[in-house]
Structure formats: structure tokens, C-alpha cells
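Taking the hints into account, I'd like the entire structure generated from these sequences.
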Amino acid sequence: MPIEGLSINLATVREQFDLAQAVDACMAQGIHAIAPWRDQVAHIGLAEAARIVESNALRVTGLCRGGMFPACDPARREAAIEDNRRAVDEAAALHADCLVLVVGGLPEGSHDIRAAREMVAEGIAKLLPYAKANGVPLAIEPLHPMYAADRACVNTLEQALDICELLGDGIGVAVDVYHTWWDPMLEQQIARAGAAGRILAHHICDWLVPTRDLLFDRGMMGDGVIDLRGIRAAIEAAGYRGPQEVEIFSSQNWWKRPGDEVLSICVERFNTVC
Numbered sequence: 001m002p003i004e005g006l007s008i009n010l011a012t013v014r015e016q017f018d019l020a021q022a023v024d025a026c027m028a029q030g031i032h033a034i035a036p037w038r039d040q041v042a043h044i045g046l047a048e049a050a051r052i053v054e055s056n057a058l059r060v061t062g063l064c065r066g067g068m069f070p071a072c073d074p075a076r077r078e079a080a081i082e083d084n085r086r087a088v089d090e091a092a093a094l095h096a097d098c099l100v101l102v103v104g105g106l107p108e109g110s111h112d113i114r115a116a117r118e119m120v121a122e123g124i125a126k127l128l129p130y131a132k133a134n135g136v137p138l139a140i141e142p143l144h145p146m147y148a149a150d151r152a153c154v155n156t157l158e159q160a161l162d163i164c165e166l167l168g169d170g171i172g173v174a175v176d177v178y179h180t181w182w183d184p185m186l187e188q189q190i191a192r193a194g195a196a197g198r199i200l201a202h203h204i205c206d207w208l209v210p211t212r213d214l215l216f217d218r219g220m221m222g223d224g225v226i227d228l229r230g231i232r233a234a235i236e237a238a239g240y241r242g243p244q245e246v247e248i249f250s251s252q253n254w255w256k257r258p259g260d261e262v263l264s265i266c267v268e269r270f271n272t273v274c
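If you're matching positions, the sequence shown starts at 1 in the UniProt record's numbering and goes up one per residue.
Since the hints were made in silico from the structure, they are not lab data. Model, not experiment: these values are computed from the prediction. Don't take every hint at face value.
Just the calculated beta-carbon pair ranges, DEER-fashion [stated by the list, open to error]:
hint : residue 1 : residue 2 : range
1    : Gly45     : Thr272    : 17 to 25 Å
2    : Asp260    : Leu167    : 39 to 47 Å
3    : Ile113    : Gly45     : 32 to 40 Å
4    : Asp260    : Gly135    : 30 to 38 Å
5    : Ala115    : Gln21     : 41 to 49 Å
6    : Arg51     : Glu158    : 38 to 46 Å
7    : Asn271    : Ile113    : 37 to 45 Å
8    : Arg86     : Pro184    : 18 to 26 Å
Calculated lysine to any residue pairs in the SDA-like style (CA-CA distance at most 20 Å, straight line) [what the hints assert, rightly or not]:
hint : residue 1 : residue 2
9    : Lys126    : Asp83
10   : Lys132    : Asp83
11   : Lys126    : Ile81
Yeah, the Cβ is synthetic: ideal placement off N, Cα and C, and Gly gets one too.
Here it is, written out as C-alpha cells:
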């Protein structure tokens, strides 16, 4: 039977499976929702990826990722916009719920995070009309402040929502617990996002203590300190009814285990601790 409310971000099993293999493994576990990454789609080709999605009646809860807008010169910023337009095309072909934006950090040599955030807003503003014309909502994913310099200078849900309000319709947020669980304003900002209908995705994993690698040591749900049920309750109280999307980067643990085992544990933890 299909498992309602659970999606697997295919980064969780990227070392074990390609996209086609991951879909087969998910379907065997009753998981009918996925979120692929662009490199995984490119590996088998967009047309084949779209065929797999459609033939299995899969829900694509997001395509990862667009973004990376700041750059040190106009030509590079425009190149980023062009790449994001291609990402929109891919998301549209997969009928994805949203294109997830990891917005980018400081341009090389810069110390001006305010300017970087302005570049992010400007870049999304340029991309947004194309995304709306193609029916692809854009989801800003604020990342933990440890990534402010190199991956995302938008680090809180409040900052992401400020950009959304500036730009209007067609844009929202992806609430990833790994990046937002620590924020003392989280519940308030989740309510704000829900009131505006801007919660487009909900990503789950856990924060381990100790964390051995800040990028590649995410925990399986229930193995760390995040209040998963509390955040889920706040998100659902704000009106979000979409799936919880498991997204785990784990070079020292989960990527070394058999993929079927990882997916089975994802299902078990989703049912018991989320």
C-alpha cells in the first residue's frame, strides 16, 4: 500500500542508486513521492526521467536545485539566471511541486553579505516571470548560518519570507528542519508563511550530537536532537498538507548502507518519530 505523507529526496540514496533504481526501490517500499537532483536527472536524461515519473504516477515534491545567484560580475549573474531557467524547464517536465532554490553565498573576494542578499533578490526577480509562465513555484530554502559564506546567504525563514513578500506570487519557502530547527523565531515564521500560503516543501532529517561533518553527517530521524513532531505540528497548523521529504547527506553512515535498508528505516522512523 502507498505510504501517504512521505517523500524521499533522492540525495538520501544517491550513492546506492541512480534515479531509475531509486524509484524502483521506493516503489517497493510503498513510497510514491520523490525529490530528485538535477545531476541525477541529467544522468539518465530528462525525457527518461519524465517517463519514469509519469509511468509510475509519482509525485515529485521538488527538484533540487536552482539558485546560486550572487556573482562578482554581471555576466556571471546572467549565466546563473540562464541555468535557473533550464532548471525551471526540468521542473516543469517532471511536474515538480517546486524548484528548490539554494540561493548562493558571497561572491569570490566579497565581504558584503548585504550586497549578496540583494543579488539574490534581484536574481529571483529576474527568474520569477519565467517560472510563473511555466507553472513552476520557486521555493527559497534558507540554510543554516554555517553556510552563509559559500552556499546560502539567506539563513532564516524570516529572511526568505521577506524576499517572498517583496516579489509577490509564485514564490515560497522550503522548510528544512536541519537548517531551521535552532531558530527562536521558527514557529512564528512558520505561521507567517502558512498565512500567506508560502510553505511549498518540508524537509526532514536530524541533527546529530556530535556532528562530524557539517555537510555530510545528517542524522536519520530520531537519532538526534530536532523536535520533529513539534515542527511538523507547527507546519500543519499553518495549513501545509504536503509530504515530509526525507533528505539525508551521510557519507560516513547512511550512504554506506544498502539502499533498501536505508529506505526501510526511513519508513519506520517516519511512522514512529515524525
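Outcome of the hint check:
Separated by about 38 Å at the C-beta atoms, glycine 45 and threonine 272 break the suggested range of 17 to 25 Å. The hinted window of 39 to 47 Å between aspartate 260 and leucine 167 holds, with their beta carbons roughly 42 Å apart. At about 38 Å, the beta-carbon gap between isoleucine 113 and glycine 45 stays in the expected band of 32 to 40 Å. Look at aspartate 260 against glycine 135: about 34 Å separates their beta carbons, and that is inside 30 to 38 Å.
The hinted range of 41 to 49 Å is satisfied by alanine 115 and glutamine 21, whose Cβ atoms lie roughly 43 Å apart. A beta carbon spacing of about 40 Å between arginine 51 and glutamate 158 agrees with the range 38 to 46 Å that was offered as a hint. Restraint check, asparagine 271 to isoleucine 113: a C-beta distance of roughly 41 Å satisfies the suggested window 37 to 45 Å. The hinted range of 18 to 26 Å is not satisfied by arginine 86 and proline 184, whose Cβ atoms lie roughly 38 Å apart.
With a CA separation close to 12 Å, the supplied pair lysine 126 and aspartate 83 stays within the 20 Å bound. Between the alpha carbons of lysine 132 and aspartate 83 the distance comes to roughly 16 Å, so the proposed pair stays at or under 20 Å and holds. A distance of roughly 7 Å separates the Cα atoms of lysine 126 and isoleucine 81; the hinted pair therefore holds under the 20 Å criterion.
Of the numbered hints stated above, those contradicted by the structure are hints 1, 8, listed in ascending order.
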